[in-house]
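Here the first sequence is numbered in my numbering, starting from 1 and rising by one per residue.
Hints may be right or wrong, so weigh each one.
[Said to hold, decoys possible] Below 27 Å or equal to it, Euclidean Cα-Cα: the simulated BS3-like pairs (lysine-lysine) are:
no. : residue 1 : residue 2
1   : Lys344    : Lys196
2   : Lys316    : Lys344
3   : Lys314    : Lys104
4   : Lys104    : Lys387
5   : Lys332    : Lys344
6   : Lys110    : Lys387
7   : Lys193    : Lys332
8   : Lys332    : Lys110
9   : Lys344    : Lys387
I should point out that these hints are in silico values taken from the structure, not numbers from a laboratory.
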Amino acid sequence: MAKITPISGFPEWLPEQRIVEQSVLDGLRRRFELYGFASVETRAVEPLERLLAKGETDQEIYVLRRLHAQDADGDAGLGLHFDLTVPLARYVEQFRGQLAHPFKRYQIQKVWRGERPQTGRYREFYQADLDVVDQDDLSLHFDAEMARLLVESVGAMPVPPLVLGINNRKILQGVYEALGIEDLAGTLRIVDKLDKVGETGVRTMLVEAGLAESVADTCLALGRIRSTDGSFAGAVHTLGLRGDLLDRGLSELTFVMDSLADLPRGTVVANLSIARGLDYYTGTVYEGQLVGLEALGAVCSGGRYDDLVGGGGKLKLPGVGVSIGVTRMLGKLLGGGLLTASRKVPTCVLVTLPSEETRGAARAVADALRARGIAAETFHEPARFGKQIKYAQRRGIPFVWFPPESGGGGAHEVKDIRGGEQIVADPATWTPPTVDLRPSIAPRD
RNA sequence: GUGGGUGUAGCUCAGUUGGUUAGAGCGCCUGACUGUGGCUCAGGAGGCCGGGGGUUCAAGUCCCCUCACUCACCCCA
């Protein structure tokens, strides 16, 4: 075997880090289900042609190949999915007759992208997706509910506060059309870089792309607009532009912002600079960042797509969805040791093994605890208590249980090894404090 | 794919103008300590110095190539 090295972009965590990740994934799952979303898992692969159909993703797709494949031409052409939206589109079409609409599903799975990794960007990572798909028309209420769920879900995670920016593609397209811009996608792409290259940079790029300076300035003025309520609409009107598409976009975004007015002020902001690169979005778009971790980029995003599913035919299956970049959010915090679990194992109680003769009694204690949902393990060999306590201490196990002296009729005792307090206890009734039942997650220090 | 940086123990790093058998701290394992851990002390395991080639009496050290990791661009969670 060659020397073992990590593979860039394929993160692996230690048990205590995995505990954090798992608790976050569990938390998301719980919250999604509280809102009535059903779970779906799709296969890891999709036909290449389907993966290539939307967006300009090309070399970022990992292709599946058999080691001894003889006929390169005749193979199925499968690739690993790079997001969960494309698989969803396929899934909804495939099982259309068996799904009840509007179809609300969540999906927490790994996805793969073949691009060069760097901080916050991985080649294998978790996405937690939330989508609603309906037939013919999809209520705008869902656009607001998505944002609400995003804010609540991320808010419940052990990460810095989320600021969710919301925009509407129709506003951008409406303005661009009114300005006579022809290359909508190209312009969106440039404007999307506002955060990165700044206003002067974007202005230069727009002019280089063939826009008149006054037009570029208007695009910038539009991108500068943001508000924590519905007042953005007035600001757009001062640009002096009109159009059906623009009006529809403004009323949609106004509706969404009004629906979210009860959320803490500042968590949701209408931000007209948000464009989103993916070209299948047709209305609301979302993009969330963590306060203090803006350099990571978007940690959650999404939007409405009216034509992604069922494209081409008469069937219309509009959807709106968001995706939470779990690995991106956690990666920095876990890697930097900023987020840790209170212990490295699930065990709450270590039952000591004083001698070989007491093994049965020790196991009975552990069984009694497990029967009541308390994670317990017995030490594997008779050893002096110092060694057994050390075993627990190394792993962060909070309690050590001492069965009665072998042969004697003594009492059971349990010790909290953090404080050293030791009390007489009954295996059938003793219960740890709720906080100690499972590992807890906390920012360090 | 394009450009920069870095490669020595599990981790963080020393290692002189090239010069014997490559070190430290932390971590890990064992013992002192056969019914009570954290402290202390003693000991142990763990390295083809990323890989290959070259210069030299002599390379961890200098040169070339390569690979990996990493940062930025592109793109995105």
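Quick rundown of the hints versus the structure:
1. Lys344 with Lys196: violated, 39 Å
2. Lys316 with Lys344: Violated - the C-alpha atoms of Lys344 and Lys316 are around 49 Å apart, more than 27 Å.
3. Lys314 with Lys104: This hinted pair holds, its Cα atoms lying about 22 Å apart.
4. Lys104 with Lys387: violated, 53 Å
5. Lys332 with Lys344: holds, 19 Å
6. Lys110 with Lys387: It is violated: about 40 Å lies between the C-alpha atoms, which goes past 27 Å.
7. Lys193 with Lys332: Between Lys193 and Lys332 the Cα gap is close to 23 Å, so the pair holds against 27 Å.
8. Lys332 with Lys110: At roughly 18 Å apart (the allowed maximum being 27 Å), Lys110 and Lys332 satisfy the hint.
9. Lys344 with Lys387: holds, 18 Å
Comparing the model with each numbered hint stated earlier shows that hints 1, 2, 4, 6 do not hold.
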